[in-house]
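In case you want the letters, here they are:
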Amino acid sequence: AQKVTQAQTEISVVEKEDVTLDCVYETRDTTYYLFWYKQPPSGELVFLIRRNSFDEQNEISGRYSWNFQKSTSSFNFTITASQVVDSAVYFCALRGDSSYKLIFGSGTRLLVRP
Amino acid sequence: DTEVTQTPKHLVMGMTNKKSLKCEQHMGHRAMYWYKQKAKKPPELMFVYSYEKLSINESVPSRFSPECPNSSLLNLHLHALQPEDSALYLCASSQGATGPAGEQYFGPGTRLTVT
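If you're matching them up, the sequences are chains A and B in order. So for the first sequence, the numbering used here puts the first residue at 1185; every next one is plus one. So for the second sequence, the numbering used here puts the first residue at 19; every next one is plus one.
Extracted from the complex, chain A is given alone in its bound form (with noise of 0.2 Å):
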C-alpha cells in the first residue's frame, strides 16, 4: 500500500521566518516519484519538484529547498525567509512507476503573516 503523511495541518510563521514542511511517505515500490505542490486560494495546483527515488540529492530553488532521506521516508520541503505570497496549502504526493495515480497527503496549510 502507499500513503503520504503530512502531520502539520496549519502552519502560521511571520514573514522572514524559515518553514519546514514535514512529508513522510510508505511504498513497496523501488522506483517512485515524490511531488510538492502548492495550492493557493485560487484553487489551481502549481507543480514545484518531482524528485525520483534513485536521486536522493537534496535541492535548492531560491527560497525553496527539499530534503529527500530515503532511510527514514521522507521528503521534507523547506521555505526561507518566508513571504505572504507563500501563503498556501502545500501538498506532497507520491507515484510508483507503474502506477497511474497520485497518492497526496492530506496537505499543511502555510499562513505567513507580515
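Read the hints as simulated data drawn from the structure, not as lab findings. Check the hints yourself; a few may be wrong.
As the list claims (entries may be wrong) - Partial selection, computed: residues in chain B whose CB lies under 7 Å from chain A:
| # | residue |
| --- | --- |
| 1 | L106 |
| 2 | G117 |
| 3 | E121 |
| 4 | G127 |
Glycine included, every Cβ here is placed at the ideal spot set by N, Cα and C.
Starting from the structure of chain A, add chain B where the hints point.
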C-alpha cells in the same frame, strides 16, 4: 509552456441540468486526468485517459461521464448531479501516464455548485 486551461471557472447547476466541463492542453501530453477536490481535502482521482483511451475509472458514479475527443481536449459531462457533488474539479495532464514522464500539470479548476 506548462498551461492547462479549464472552462468555465465557476458553474452553478440544478440537479436536473446537463452541463459539461472542458479542459485543454497544448503541451503534446498524452495523458489527461480529472480530479475532484472537496474543501480542505486533497484532490481525488476520478478518471485517467492515456492516448485518448480511458485507462482508469475510480468507481465514479455514472452521472459523471468523461470524454476525450482528441489528445488536447478532455470533457466531463454532468447529468443529474447531487448537492454533494459540489466541489472544485481539476484537470491535469502529463507527458505519459507512468514512469518519469508522469509529472502532472494542473489547470485552475472549475468550481461547481449543485443546487
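Structure-based check of each hint:
1. Given the 7 Å rule on beta carbons, the hint for B:L106 holds: about 5 Å separates it from the nearest Cβ of chain A.
2. Checking B:G117 against chain A: minimum C-beta separation of about 6 Å stays under 7 Å; hint holds.
3. A distance limit of 7 Å between C-beta atoms decides the matter here; for B:E121 the minimum to chain A is near 5 Å, and the interface restraint holds.
4. Nearest Cβ of chain A to the Cβ of B:G127: about 4 Å, under the 7 Å cut. The hint holds.
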